[in-house]
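Undergrad: Each chain, written out:
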Amino acid sequence: MLEVQNLIKSFDGERKKRRVREQQSANGDAQARVFAVNDVSFKVAPGELFTLLGPSGCGKSTTLRSIAGLEQPDSGVVSVGGTVLFSVGVNSAKSINVPANKRGLGMVFQSYAIWPHMTVFENVAFPLRVRSRKERPGKREIAERVQRVLETMELLQYADRHATKLSGGQQQRLALARAIVVEPSLLLLDEPLSNLDAKLRESLRFELKRLQRELGITSIYVTHDQIEALSLSSNIAVMRAGEIVQLGKPRDIYENPQNKFVAEFIGTSNFIDGTIKARNGDRYVVETPDGRLTLDAALDIAQGTEVVVSIRPEAVMLTTERPLDAVNVWEGNVTTRAFLGDAVDHVVSVGKRDVRARCLPHISHAPGTPVYMQMDPAKLALVPVD
Amino acid sequence: MTTTAPPRPTAPTPPAGPKHSEPARWRRLLPTPKFLILAVVAVVIAYLSIVPLYYLFWGTFFDASGFTFSGFERAYGNDQIFSLVGNSLLFAAGAALVSLVIGTGLAYLNVRTDVPFKALFFAASIIPLVIPGILYTIAWILLGSPDIGLINHYLEPIFGRAVIDVFSIWGMIWVEGLQLSPIVFLLMVASFRSMDPSLEESALMSGAGRWTVFRKITVPLARPAIVAAILIMVVRSLESFEVPALLGLQNGTYVFTSRIYFVLRNYPPDLSAAGALAVGLLVIAIIGVVVSNFAGRASKNFQTVTGKGFRPRPIQLGKWRPVAGVLIIGYFLLTVIAPLLVLLYTSLLKFYAPPSKDTMSNITFDNYKQLAHTSDALTALKNSLILGLSSATLVMAFMAVAAWIVVRSRIRGRKVLDGLAFMPLVVPGLVMGLALSFVYLRSPIPIYGTLFILLISYCTRYLPYGMRYSVTSMQQISNELEESALVNGASWWQTFRRVLLPLLMPGLIAGWIYILVVSFRELSSSILLYSPGNEVLSILIFEQFENGQFTVLSALGVVMVLTLVVLVTIAYKLGAKVGLKQD
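Protein chains in written order, with the working numbering: chain D, 1 to 386; chain R, 1 to 583.
Derived from the structure by calculation, the hints contain no laboratory data. Note that CB positions come from ideal geometry on N, CA and C, so glycine has one too. Be aware that a few hints might be false.
To be verified - No farther apart than 25 Å at their CA atoms in a straight line, the calculated lysine to aspartate or glutamate pairs in the DMTMM-like style are these:
id : chain 1 : residue 1 : chain 2 : residue 2
1  : D       : 102       : R       : 114
2  : R       : 216       : D       : 135
3  : R       : 319       : D       : 71
4  : R       : 118       : D       : 71
5  : D       : 249       : D       : 264
Unchecked claim - Here's a subset of chain R near chain D, in silico, CB distances under 7 Å, partners left out:
id : residue
6  : 196
7  : 201
8  : 202
9  : 206
10 : 207
All chains should be modelled from the sequences, with the hints used to inform the complete structure.
TA: See the structure below:
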């Protein structure tokens, strides 16, 4: 459906400096070039909700805006449904750059960008009304289509209201209505939930997922919120410093982060350094300063390699009595406890290290209690050293 | 320390001997220093803003025989009335339109696109501060007069006749519009900056072309600012004196301001007819200001300023970028470089003539030497400096206290004081001059015909600026700083002098310099109030213009511009914190 190949974009103003940089690099004292987006490629299948996830400044928004045509990359290819929308710097091909208003994509902005001088109806009708005379539907059809979309979004009763009189959640739905009224082949969502309060965000997240499923619109979703990404996406591309560092299904990314950055960014994690002591198929034994860890990983890592073991806090079970017949049991002392409502967080000191453990709400150990920590080998992940 | 405290929650004092209570009661009856200072400031502000208008109305509507409309009959009671009102409105609307189109276009290019030469925009926008209106108008006479104008000189061989004529209503509109365009630019820049760029981007994503986006999204969103800008520019053009006087009087194209001047220049001056015209102008100006305030308030409900910092994402102009670049350079050349160059060139000649080999080889500094040796110029410079320095100092000193009353105190009627200090802003300079002459021609104190009456006029006219600067900086000072001084035992005056004043200083200095700068350009009230021997720089230039001394005048103008450049540069350096604003 969507294909992005080798997208490169330097920061604004960097282009001017590039000549200087290139001269410097010829002299051998080059600084690394700084990119907003550096060689990003991915494919999105029809009907998928694909998420670009990363901290602010990682290039996810720039990638999205490049797809939208609001920003012009230095080089790369963007094609939707087989039609090339952008192509620069590809050998033996003419440069193509379809302007944003001719790409026929839908987009929801972070600020919603609801036009305050129009009513709800006019906002949604705008994309239909500005079409060229040949493609423009008749007045009645426009009204029908707008009404249908407003109905789907449960906004029909506000149609004649001024758009600024809507609440945050309604504005968000209006922005979505406006983006899908032309039935675009691709829907772009730029942090659409980040301006809402926490409660509303959660309910709209499910709403969004349901709509996307029902309408079957291929969507690209940009967010810095890992929970949004994990709960909504078919696939996630985790980005850092303009590059995709891991691409995969949400569960895969959560359970098998391929590096420390991903493990740290997605959820919280304990990281323990060690070396691979033994290997039997997918089962590895890792020697760490605080004890041995046995774990399963579908990787190919040689014995003796230095690795980092990522332990999710919820993978640590705490008991006051030594569990029988279990692997990965460490001894420690609870130092801090925090009640979170739906869970209890413990910090357990093991040797010189602190390990975070998240337990079910009925499990609670007072600080100072000696505990046994049990860690399921299937839930530990091996992360290569950066 | 003093007895300003509210009723104290102490136990009832035991009845003390009469010898003890006597001094306390006596002191309580005396006004405290705080009360004295506040009262003096309030009374002076009220006096400055109310008395002239009162006398203006009195002098217009009353003569020896009592209430009368005879002034109105003489002023409006002939068939010139229609051409007067028509010209005024055409001039004001035309100038507003010219400035709006240029200013808005430039602001859009500057804020929302990747147009080249962005540094030039702000250089061009401070021009009205640096080149006084009278010099700007004279420079345009040197450029666009049908007889001696340089533009005509170069274009005449091509077209066979003088192409442009600044001595016409269209010339007036053009010069006034150009002069106002930087103000529109600054207003619209603020408006475009506060507009979320994704409002336009989402229209693009909806499939609208650039032009549709501009028409359907950008302009409607900026409409409140555009309406406000039009109204402000209309009022300012109506109040403008320099352009109508220099360009319109020659061929009898009268607007309100030039008509008032014309009526007063005849002998004997018909004061009540001039008053009637002034009242008419004042009414129109008040309507304009009220409507623009109303429009400004209405726009607040409408604007979508989210308070979030928008990442500037300039629109790429692509192949239009060079075109835009040429436009910018052209604007800069036409509005900044050409007027300055023609003044400089003229100042170096013995007799005015279009540039040629001959004139270039006869370049001389005689005009500057002459300036240095004529007592007129030196007196005028001295007078301008005295007036500028003292009006700036007095206004800022009073306004620092007035700002405390308005922002900090809970005194009843503080809003009235704010309104009184704002009032002179609505009064056109010429009307203020006329009103003050009504006051002091009748006054037994011999103020008329001295520098002092000019000082009163300047102080009155700049009250609003002083108020705005001090109120802005007063609002930036946390209440707690003042309260902690009081808690630590300082009196009101000590708190004001040692805590507030030092903190207010940057704002006060910026306002001080701003008043100094604008006082140098003041012409419209001075022209009615000066007397021979008390000329200021702008008056001297006006006199020299009437005598046709273009070369000496230009030299004086160059000196004046250089002085102002220095002052404005300092003002911008100092004002960076509090934000030097264009009035």
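Undergrad: Could you run down the list of hints and mark each one as holding or not?
TA: Structure-based check of all given hints:
no.: 1; hint: 102/D <-> 114/R; verdict: holds, 21 Å
no.: 2; hint: 216/R <-> 135/D; verdict: holds, 19 Å
no.: 3; hint: 319/R <-> 71/D; verdict: holds, 16 Å
no.: 4; hint: 118/R <-> 71/D; verdict: holds, 21 Å
no.: 5; hint: 249/D <-> 264/D; verdict: holds, 17 Å
no.: 6; hint: 196; verdict: holds, 5 Å
no.: 7; hint: 201; verdict: holds, 5 Å
no.: 8; hint: 202; verdict: holds, 4 Å
no.: 9; hint: 206; verdict: holds, 4 Å
no.: 10; hint: 207; verdict: holds, 5 Å
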